[in-house]
Structures are given as structure tokens and as C-alpha cells.
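S.K.: One letter stands for each residue in the lines below.
Number of protein chains: 2
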Amino acid sequence: AGISEGNVGQGVVDFPVAVVLPAAGSGERMGLSTPKQFCTFLNRPLISFTIETFERIPWIETIVVVVAKESHDQMLHIIDRFHHTKVKVVEGGATRHRSIFNGLQAFSESMEGPSPLPRPKVVIIHDAVRPFVEEDFLLKITLAAKEQGASGAIRPLVSTVIATTSEGYLDHSLERTKYRASEMPQGFLYDIIFQAYQRCSEFDFEFGTECLHLALQYSGTNAKLIEGPQTLWKVTYKRDLAAAECVIKETLSLSACLISGTMAETVELASKLQKNLAAHSMTLDLHPFVKGNDELLSKTRNFIQISARRESLSEITEMVKVLEEMNHALLYPVVIIWVHLCMSEEPFHRQNPDELSSIMDISMKAKQRNILLYGIEVIHSKIPELWERSVERLSEITAALIRDRNPAFTGQLLQA
Amino acid sequence: AGISEGNVGQGVVDFPVAVVLPAAGSGERMGLSTPKQFCTFLNRPLISFTIETFERIPWIETIVVVVAKESHDQMLHIIDRFHHTKVKVVEGGATRHRSIFNGLQAFSESMEGPSPLPRPKVVIIHDAVRPFVEEDFLLKITLAAKEQGASGAIRPLVSTVIATTSEGYLDHSLERTKYRASEMPQGFLYDIIFQAYQRCSEFDFEFGTECLHLALQYSGTNAKLIEGPQTLWKVTYKRDLAAAECVIKETLSLSACLISGTMAETVELASKLQKNLAAHSMTLDLHPFVKGNDELLSKTRNFIQISARRESLSEITEMVKVLEEMNHALLYPVVIIWVHLCMSEEPFHRQNPDELSSIMDISMKAKQRNILLYGIEVIHSKIPELWERSVERLSEITAALIRDRNPAFTGQLLQA
Ligand SMILES: [Mg+2]
Ligand SMILES: [Mg+2]
Chain A
21 AGISEGNVGQ GVVDFPVAVV LPAAGSGERM GLSTPKQFCT FLNRPLISFT
71 IETFERIPWI ETIVVVVAKE SHDQMLHIID RFHHTKVKVV EGGATRHRSI
121 FNGLQAFSES MEGPSPLPRP KVVIIHDAVR PFVEEDFLLK ITLAAKEQGA
171 SGAIRPLVST VIATTSEGYL DHSLERTKYR ASEMPQGFLY DIIFQAYQRC
221 SEFDFEFGTE CLHLALQYSG TNAKLIEGPQ TLWKVTYKRD LAAAECVIKE
271 TLSLSACLIS GTMAETVELA SKLQKNLAAH SMTLDLHPFV KGNDELLSKT
321 RNFIQISARR ESLSEITEMV KVLEEMNHAL LYPVVIIWVH LCMSEEPFHR
371 QNPDELSSIM DISMKAKQRN ILLYGIEVIH SKIPELWERS VERLSEITAA
421 LIRDRNPAFT GQLLQA
Chain B
21 AGISEGNVGQ GVVDFPVAVV LPAAGSGERM GLSTPKQFCT FLNRPLISFT
71 IETFERIPWI ETIVVVVAKE SHDQMLHIID RFHHTKVKVV EGGATRHRSI
121 FNGLQAFSES MEGPSPLPRP KVVIIHDAVR PFVEEDFLLK ITLAAKEQGA
171 SGAIRPLVST VIATTSEGYL DHSLERTKYR ASEMPQGFLY DIIFQAYQRC
221 SEFDFEFGTE CLHLALQYSG TNAKLIEGPQ TLWKVTYKRD LAAAECVIKE
271 TLSLSACLIS GTMAETVELA SKLQKNLAAH SMTLDLHPFV KGNDELLSKT
321 RNFIQISARR ESLSEITEMV KVLEEMNHAL LYPVVIIWVH LCMSEEPFHR
371 QNPDELSSIM DISMKAKQRN ILLYGIEVIH SKIPELWERS VERLSEITAA
421 LIRDRNPAFT GQLLQA
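One line per chain: the protein sequences are A and B, in this order.
Be aware that the first sequence starts at 21, since it is given in my numbering, and climbs by one per residue.
Be aware that the second sequence starts at 21, since it is given in my numbering, and climbs by one per residue.
Simulated from the structure, these hints should not be mistaken for laboratory data.
All C-beta atoms, glycine included, are put in the ideal place defined by N, C-alpha and C.
Hints are not guaranteed to be accurate.
Examples of chain B residues lying across from chain A (beta carbon under 7 Å, computed) [unchecked claim]:
hint, residue
1, 203
2, 417
3, 420
Could you put the whole structure together from the sequences, leaning on the hints where they help?
M.R.: Pasting the structure below:
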């Protein structure tokens, strides 16, 4: 799921490109009841992250998602909920190859039923469960497919491959340097891969696994192989879901907008926090205020507002409202941390019991829109060691809240 | 890293078994400065989890860990800090095969320097970065090695394997069903693998990757291949560390000890919590109190104490002290959640400001011993909807604290 914008292929790709995403698998390998492409993290199913990656690439026109009949409604709901706009849903077949063929047929005149989608020059076949494919690699695959007829991602083998005897003993091991793992994405001239599927046998449909093999055998096209990055990995097991969530959370936590106010003490605290979070690999952009700066709001996934005035909670309410109206947290949860600097040794929550429950109320409403609000209270101690310790703890809690994006802790007023 | 006890092989393995763990790699593939076997999660380096897995198997006598010269002191420090007792550290060579051979030589008379370790009948070779190997699988590998001379774990191929032309085009793809990925662990009669390493060529030492191949070529032994579980996976990339941490955290979060006290209200809350956490796949064992029950304490990774009396915080202090004396959190962080049930609508933290800072103080001391203490306050509202909502939130926060084991939030008094 690419989070940054890109226009790598603009101008270079001057021909129509479509994507087929087979997603009809049952995911039994994972040991989960839900097929893995529909497993959810950060409030969104995996397949939506993959779709998003392709959707934000301007030179990709259409994404055909092939799902099992029983997942059809669920898929339509996902498209609606996450505002996907380039997707066409097609019903899958009993095997992976049949599903891909069904996807390709959506562009074909020969099909019965609804009128076909415009036929692409190049079609990219990818897995719904490889969300981290990047635009520049897709561009390589697309251009090689245009040039050579077929192309595919490869990776070095991670294990030695061995041939076994029928009794389960070692027969021989393959020389690792001569072989590669065939991965996804793969690209094809549409006519080449469509022809291959039209010509291939029932045996291929049942037992085949490799589109590149079909292009070679039935269209005489030797695919160009391109070494891909390790980010092409496939979410296969339950542990991979945790890894995928972690990769996305890390990307979301690289930077934050730090709203310092204009008071000397809050500005000083902001600059200390900025320095400490650099050690957590987090870049904080300082702004005295953000009100009215919708462009900044729309680019930011994490906000830290430092204030010594308790009225600042109403500014948070205002910010939540603006973010909600922008639908800014549609795809990724947004974090807002309200840091209250208490200028007296008496903590805020004891002076203002009602505000405590009001943080909880604001946060509960915001959470429904995927906006995660947390509070942290720092007492501006006159004793230097206590003050340093509080700033240290504030930094640690802030980094943890942003990285974890845990909805269970929203509305809390934590003590730094 | 097995957390449960086992004695699967006791009695069956009546011959000496040792392990060689090559851990001299630099981990460059991962894109990290630290070699991956030394990367830390849950306050412990990965290699210590792997060592622990072997150390708790009673029929394994010795674990030879082969590390790079520059990691030697670090390895000794890890052994000391985590109380490993079966480990012998050996210096690695320039390649994986040289490192394994160095490890095997630790059992050989022919070696110069210190007197050798007792020669095992069977030696298991494993990777330091595969922490999840289980005793029953190790037993299969060991018995097959004793019987056949050599044995190895295999897994189905996850990707199609293809041969490439020298120009980078597809030559042909292998038929997936005829091949397997060779994984670890592998087992050998010591004499067979030692002889193979003594006879093999410089080329093998430099470019070889497969111990099973050496046993075949230089000792004429065809290894028995045994399909292993997916838990044998190898921590290779940064994302795998996140996955490994997640697997361990999940195992640690399966159950908790819930200390209910004897008051009607706390017992009622305990039983509601027990029911709600079952929905989070967490089993809570109810106990009115645990004081003096050291056996229970020593078996438990998570404690939830519910109390309506503020003096109960001193019981927490007492429990922390006992756990510290038992060194119970040496290998895995222990979580204690102190749930304070406020019988008035006025929350505890407003009545007892000093106790708030005392939770923070106790938790800071406890954290140094890997004990993570958190507080949650629940107001016993007379309004049924409010009470239900609080119990719901208590359940959610409790589950999240146990699952995440986040040290940044220790000492907080959260509001349910
Ligand atoms: Mg979109
Ligand atoms: Mg031990």
C-alpha cells in the first residue's frame, strides 16, 4: 500500500494498462476462517490496501478483482466503503488459472453477458495478498511486457530446492544460483496471455500455477524476468498479517505535525519533544497553529497539539470536525495527541474533572470516524530533574501512541 | 521459543544429542545494522529465544553456538544475563559451512586447544533465526537421523521455481509437486556429518549451502526428508522480527490469573471480565487471592487484581517483590493490571492523589525487572448503561494491555 504520491510512469506509459487481481482463494493455508485477502487490520481488509496501491497510479485504468461467488457482496461493500473507483468485480473459478481467465474475459468481446471493458494493451496480473508493490517496479514490468510480450518478477531462492525420491529421501539438490523464485506481479500483452488461456488444456487449468509457463507454451513468448524488491512478499500465514500491519504502521509513523502554540513554555516543550522523537526516527514539523491550513491537515496522519490553556480542547474538537468533513481518515487512522502542559504543580485532571470526561466523549465520537484521540498531561515542574523526566516520558508515550495506533487507549488522559 | 513444558522424547532418546547453531551471519539481507540473530524484542535478543527452545528439552545435552569473533563477548553476555546453561560458544568461519564445521570440531579430539566436549551420537544443525521449532518435530528429526544417518525438514515450495537463460529470460519452470524447499533443522549421526566436512572441497566450503548435499556426496548418506510445520520459518527480514514478536506475544496472552477478592462487587466484576475476555480468546482463571501461592505465581504471565480497597496497592507491591525474588520475569515480561473498583461515583484518583504517583513509582521499579504494572479505574455506577459501558471498556483495555505488553504505558491509571 503506497502512501506517497507518484507519477513515475506518466508520459512513458502512453497505452492502456489494466490489472487482474485474483482473490478467489479460500486461504486455508493460513488456518483462518476468513480468506486472507479479506482479513482486516487498521480497520480495513488487506485487499483494499492492494487495490489502493494500484488505484493511486494514474496510468492504470482498470482493476479487475476476481472473487469467489460467496465473497461478491462483501467485495462490493469494500469498494463502496473505501471509495474505490477503478474496480470491476468478476466471479472466480474453481482454480487460480480459471479465475485469472475469468478476469481476462472481462475485456473480451467474445463473452456473453455485459459489454466488455475497453481492451488494454498490457495487463498486469498480481496477487491480492501482496499489498506492497511499488509504482516504479510496476512500470518496469509494464514496459518489459509491452516490449517482450511477457514479464515477471523474480526473487533469489530463500531455501535450497531439493528433489525427493518417491520414498521420501533426498535425490539431489538444485544449484541455487541457477534458479529463481517466480513471484508477482507479471505483465503481458493482453493478446498473448488471452490467447494462451484460450489454448491451454484442462490439465493446465486444474494443476498449473504459472502464467509465464502458459505464455511460453501456448503463445511462444519467453518472459523477461526482472528481480523485484523484497517488499513484493506475499501475505500467506497469520504471522504475515502482523508483519503487514507493522510495515504500514511504521510508514504512518515517520512524521507528525507538532502544534506548539505561541507561549514560550509550550514552544520550548515542543522543541524538546521534536529533538527526543528524532531518536525514535520520527520527524516532527513544528507549526504554531494549523487552523485554516487545510492543505497541511490533509497531508498529515499524526497531530500533536501542545497547550497550557484548557480551552485548547475545543480547538481539538474543531480539528476533529474539519478532518471528519475532509473524510481524511477514510483509508488510514489519524492520531491526535492533546498534550496539556500544567503550569501549576496541581495537575489539570484534578482542577478540571469535567474536562476529563469530555476528552473521553470527544474521542468516542472521533473513533467512529477512524480518528484516534489521546490526552497526555505534563506538569511543568520547577525541579529540573522532575521536568526532564516528564519530558522523557512524554516523548516515550507520544512515540508509542503514534506507532501503535491502539483504539483501546483513546480518550485516556495519560500522565507524563 | 516454546513456552510450555515438554518431555516428549524422554526415554525414547537414550543416546547423546547435541545442537550446532550457526549464528555468525551479518544479516545484511535484512537491511539492519545488527545481525538479525541479535535483534531484540520483548527485551531479549532473538538468539536467546532459540537457545531457550533447545535448553528446555531435557534430552538435548549441549548447544554449540557459532558466532563471529566480534560477537563473542556479546554472546557471553547474553548467556549470562538470561541464565543459559547448556551453551558453548565457538568462533565462526568466513562462510556458513566453515562455521558449522567449527561447531562440529568442538566435539572432536583432533582439535587443538581446549579439551573437546563429549561426542554426541546425533547432532542437530539448526538456524539461530528459527526460534519456533518444537520438541516433537526435533524428536522426529533426531530419531530419523539415528536410524538413517541423516534427516532434514522440508516444506512445500511457496513459489514456482524457474530456470533463467543467461540473458534473463524464462527458460523453463519446474513442476512444483516434484520439488521441496529444504529447511532446518537437520539431523546427522555425528560421524557421518563430521566425515563429510573433513572430506569436502574448498569449493563446497565457499559456495555450498546444503549440509544434506555434503552428507550425500562425501558420506554416501541419503537423508530422510520430513515435512515440517510452518512454524519452522526463518526470521530473514525486518518484518519477520515484527511477526516473531507478535507470535510470542500471542502465546503469552492466552491466559491470565484474575484475582477477584471476596467482596460481592469485585467477584461480580471479575466474572463479567472473565466472560468478556473469552471473546478476546483469553482464558481467565479466577482466584480470590494469590498470596502465598508461589506455584501459581510461578506459572502465570499475566495478573489482573480487582479490588475496591485502596490498600490493595500494597498487595501489588508485595506481589511484585515475590515475583522479583523468583526472577519470574527473566525470560518474558510479566503483566500486572491493578483494577480499582470505585464504589462511589467520585473516582479514586481524585480522592487519593498520592496513590496515583505511588502506582507510577512502583511501576518504574518493577519495569527494571521486566514486570509491567498498569492501573485501571472503574467507577461502580448505579446507572446500568454506564456500568455496562465501563465493564466493556475495562475488558478492551485489559486485553490490549496484556497483548501489547507496552512498557511506555506502565504506571498509568487508565479510566474504564
Ligand atoms: Mg482511493
Ligand atoms: Mg533457561
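S.K.: For every hint, state whether the structure bears it out.
M.R.: So, going through the hints one by one against the coordinates:
1. 203: The hint holds - residue 203(B) has a Cβ within 7 Å of chain A, the shortest such distance being about 6 Å.
2. 417: Result: holds, 5 Å to nearest chain A Cβ.
3. 420: 4 Å, holds
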